[in-house]
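Construct the entire structure; sequences and hints are all you get.
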Amino acid sequence: MRTLRIITSALFLVFVVQAEAQEKYEIVDGSGYLVISGKSNTSEWMLKSNQLKGDAQILMNGDQLQHLSRVIVNIDAKTIKNAENKRMTKKAQSVLLTEDNPLVTFFAYGFSQLNDEPMQMHGNLYMAGKNVDLLFTFSTRMQDEIVWIVATAESKFSAFGLEPPTDFGGAVQCEDDLKIEVQLPLVKANDIK
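If you count by mature numbering (1 follows the signal peptide of the UniProt record, and there is no 0), then the sequence shown holds residues -21 to -1, 1 to 172, one letter each, in order.
If you are wondering where the hints come from, they were derived from the structure by calculation, not from laboratory data. We put the CB at the ideal spot given by N, CA and C, even for glycine. No incorrect hints appear here.
The list that follows gives simulated cross-link-like pairs (lysine-lysine, DSS-like), each with its CA atoms no further than 25 Å apart:
no., residue 1, residue 2
1, Lys158, Lys135
2, Lys158, Lys69
3, Lys65, Lys18
4, Lys60, Lys135
5, Lys167, Lys32
6, Lys158, Lys27
7, Lys18, Lys57
8, Lys69, Lys27
Simulated DEER-style distance windows between Cβ atoms:
no., residue 1, residue 2, range
9, Ala168, Phe147, 44 to 54 Å
10, Lys167, Ser137, 36 to 46 Å
11, Ser48, Ser73, 34 to 44 Å
12, Ala168, Thr145, 40 to 50 Å
Right, here's the structure in full:
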């Protein structure tokens, strides 16, 4: 019983030290982005928003990521657009049900890395009224006191309960596959001016 108390106390101390060492980082306004991309039978397409709000709990050791306990990002669904094609934006926002679901949320927690393999984090994307669990491959880098996290994942329209969009009476048909990329520039919350 005494051994169990010692182990429990040691684990508690490790958890407390780890929790205290992590710092809150916030997204630099207007610098990050979410990209949703895919292919149709005629071309590749892309939707993008750079109106991201959110933060992360991170422990850095110099310019190396030591621990990432969570990342949360909120995006106004109506800001997810194709800057060059208003028709595509209108169609996409209809398919993504932005009227009924005005918020897209990206949430990720923890990370793992085996040997020299890319880092991975489990996450969730809430879009079009549905939560979908995703495994994101990501990288980090430091630049001018900003921690950059770039994460990518593969998904499908059908995972969100959506039919791939069509256009021009069915002449243009999108494939079910989606690529999701999130780029986050994060700065310590107490460094934001």
